[in-house]
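J.: Guided by the hints, dock chain B onto chain A, whose structure is given.
So the sequences go chain by chain: A and B. For the first sequence, the UniProt record's numbering gives the first residue as 1, with consecutive numbering after it. For the second sequence, the UniProt record's numbering gives the first residue as 1, with consecutive numbering after it.
I should point out that these hints are in silico values taken from the structure, not numbers from a laboratory. The structure presented is a predicted model; accordingly, all values stated were derived computationally and were not measured. Heads up, some of the hints might be wrong.
[Stated by the list, open to error] Just so you have them, the derived chain B footprint on chain A, three or more residues with Cβ under 8 Å:
id, stretch
1, 137–149
2, 155–165
[To be verified] Cross-link-like lysine to any residue pairs, in silico, SDA-like; alpha carbons within 25 Å at most:
id, chain 1, residue 1, chain 2, residue 2
3, A, K91, B, N94
4, A, K65, B, N189
5, B, K91, A, A113
6, A, K108, B, Q148
7, A, K108, B, K108
8, B, K91, A, G169
9, A, K168, B, D282
10, B, K168, A, F89
11, B, K91, A, R119
12, B, K91, A, E68
13, A, K91, B, K108
14, A, K108, B, W101
15, A, K108, B, I80
16, B, K168, A, L144
17, A, K65, B, E142
18, B, K138, A, L242
19, B, K168, A, L283
20, A, K168, B, S194
21, A, K108, B, G83
22, B, K65, A, R119
23, A, K168, B, N189
24, B, K138, A, G140
25, A, K91, B, E68
26, A, K168, B, G116
27, A, K91, B, G61
28, A, K138, B, E142
29, A, K91, B, G116
30, B, K168, A, K168
31, A, K108, B, E86
32, B, K108, A, W101
33, A, K65, B, E68
34, A, K108, B, N189
Ideal placement from N, C-alpha and C gives every residue a C-beta, glycine not left out.
Take a look at the letters that make up each chain.
Protein chains: 2
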Amino acid sequence: MKILVLGGAGMVGQKLAQSIANGGLGDISIDELILHDIVEARSIKSDFKTRSLVGDIANNGEAIKLAELKADMIFHLAAIVSGEAETNFEKGWNTNARGSWQFLEALKQVHEATEGQYRPRLVFTSSIAVFGGPYPDKIGDEFLSAPQSSYGAQKAITELLVSDYSRKGFIDGISIRLPTVVVRPGKANLAASSFFSGIIREPLNGKEALLPVGTDVRHWHVSPRTAIGFLTHAANLDTSLLQGRLAINMPGISCTVAEQIEALRNIAGEDAVRLIKREPDDLVMRLVSGWPRDFDPQRALAMGFAADKSFEDIIRIYIEDDLDRSGQ
Amino acid sequence: MKILVLGGAGMVGQKLAQSIANGGLGDISIDELILHDIVEARSIKSDFKTRSLVGDIANNGEAIKLAELKADMIFHLAAIVSGEAETNFEKGWNTNARGSWQFLEALKQVHEATEGQYRPRLVFTSSIAVFGGPYPDKIGDEFLSAPQSSYGAQKAITELLVSDYSRKGFIDGISIRLPTVVVRPGKANLAASSFFSGIIREPLNGKEALLPVGTDVRHWHVSPRTAIGFLTHAANLDTSLLQGRLAINMPGISCTVAEQIEALRNIAGEDAVRLIKREPDDLVMRLVSGWPRDFDPQRALAMGFAADKSFEDIIRIYIEDDLDRSGQ
Chain A
1 MKILVLGGAG
11 MVGQKLAQSI
21 ANGGLGDISI
31 DELILHDIVE
41 ARSIKSDFKT
51 RSLVGDIANN
61 GEAIKLAELK
71 ADMIFHLAAI
81 VSGEAETNFE
91 KGWNTNARGS
101 WQFLEALKQV
111 HEATEGQYRP
121 RLVFTSSIAV
131 FGGPYPDKIG
141 DEFLSAPQSS
151 YGAQKAITEL
161 LVSDYSRKGF
171 IDGISIRLPT
181 VVVRPGKANL
191 AASSFFSGII
201 REPLNGKEAL
211 LPVGTDVRHW
221 HVSPRTAIGF
231 LTHAANLDTS
241 LLQGRLAINM
251 PGISCTVAEQ
261 IEALRNIAGE
271 DAVRLIKREP
281 DDLVMRLVSG
291 WPRDFDPQRA
301 LAMGFAADKS
311 FEDIIRIYIE
321 DDLDRSGQ
Chain B
1 MKILVLGGAG
11 MVGQKLAQSI
21 ANGGLGDISI
31 DELILHDIVE
41 ARSIKSDFKT
51 RSLVGDIANN
61 GEAIKLAELK
71 ADMIFHLAAI
81 VSGEAETNFE
91 KGWNTNARGS
101 WQFLEALKQV
111 HEATEGQYRP
121 RLVFTSSIAV
131 FGGPYPDKIG
141 DEFLSAPQSS
151 YGAQKAITEL
161 LVSDYSRKGF
171 IDGISIRLPT
181 VVVRPGKANL
191 AASSFFSGII
201 REPLNGKEAL
211 LPVGTDVRHW
221 HVSPRTAIGF
231 LTHAANLDTS
241 LLQGRLAINM
251 PGISCTVAEQ
261 IEALRNIAGE
271 DAVRLIKREP
281 DDLVMRLVSG
291 WPRDFDPQRA
301 LAMGFAADKS
311 FEDIIRIYIE
321 DDLDRSGQ
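Just chain A, with the same shape it has in the complex (with noise of 0.2 Å):
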């Protein structure tokens, strides 16, 4: 079996094609990886062929070569972030919701030039920016996607192509909407979500973080090594179960930033929580403020998706998987 990772040279993109070579992929027999990204991916020692390729899936052409690639199982991680995706309209829109349209199209193409034998599962990562408040108290299963940012809207959009691609025999596709995914390893991104890993990552490191908001902020949150775990789920899942509804809300740990802080001192002590100095950003502030806090993902416990036990081994998966290996 051939698998196709879109995005591969990103933090989660590394990280699964690293579990693929590590773990294998459900009773998968894999014959080649291959990574495609905007820059070449980091190779990953396998017992399988694995190769990099470079191109933008916001071109015209790439589409279609990459769909040639016949892969049987395909990841699609690849994303303007969301930061990027508002400042900057037109690529926003030309990669996340124009790229994806594109690929989709390459599929069924592929799929029709081969009388229907090609019918590839795609895992498409969507993400819980397709909400936009107000809020229930927890965020059910059936809740309106109500995107209040461009790449909310774009995830939003790729969702319900991907659904009708499915619905239609073209590609057998699912949509996992991830929790904001931390700790992230490395260093600080323009996110506005990037202060949650920080303020976790940098005192770890004996580093001083700076914290935007109020502790009393409640967010959704999922470790890397877990989210990798959704996705290799997804691949493995009997989309017929899905029933239709082929965008899940996946689980995650709803904790706010005193109880995050709280963790880290639990695990790292108190010099460590001394190096998180409050630093109030109003523009941060109101963007977070619209973010989801907390969700009841039925739907996905059902079908065996499960979430980190705790946020303090939201910490400790960080220590075991980045903090030793990278030093930052």
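T.: Using the frame of chain A, we list chain B on its own:
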């Protein structure tokens, strides 16, 4: 003020144009009304200038031609109908989704070329086809959109585009989700919902009508006159009241086929009812079983959108507005 109606030759487009010609559009002073469609629209008698434009919004170049008209008020009713969008996948996606997107892009271009001066009100007619089962007894304003038809997916995607282009200030948009419009004048069409009009219209014209489903089927209806009222109300609405959720479920009448037949009996007597012949059709029954049955459209009601009073009223509106005029 210049008004543009996309889909101006269709049943709703023509009735909207006639309504504007007869009664204006709220407090708006009208200079010109332009009806655009793939066929020449029937001319409308009015005190202001009217003209008809022929073209296809799915064609490249048509969108920018339309946007450059710089209409202040745009009604976007143009669509490939649900049945055709389901059988002709390419055509439905090209017109209903790609065509709508191209048009919004063109409006954005004119917005930018005029340094933000041009920012039209856009009223997009969406549909309850954005929903898919299973349903609660009454669909609330926060129920998810999980369409089970290409037409529904295309409407849902256009809603998301209208919302994001509006949020960014390129247009001032609103999407209204119409119930199934009955009683449609004219001949039966191939839409699976056609019988809802047929079982009233044909007997009132002394003709036999086929009923392909059981009389316990419940569905959500609006008369053409009231649907036009929704469009003109939306045109004049203060869109800041929508608080970023620009797609609204419209009010309607929820009733069973048995109740519709009873209403016909009350108005036209047993002779009319006897013209309805049961002819079960498995395909239509299967399709209809996936359609919404009832809603609780609180937001729309709070904003002053008002449904028909009863299904009997819906029949009377057909008799007043269409029966004498067309004789079918």
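J.: If any of the earlier hints don't hold here, list their numbers in rising order.
T.: 4, 7, 17, 22, 26, 30, 33, 34
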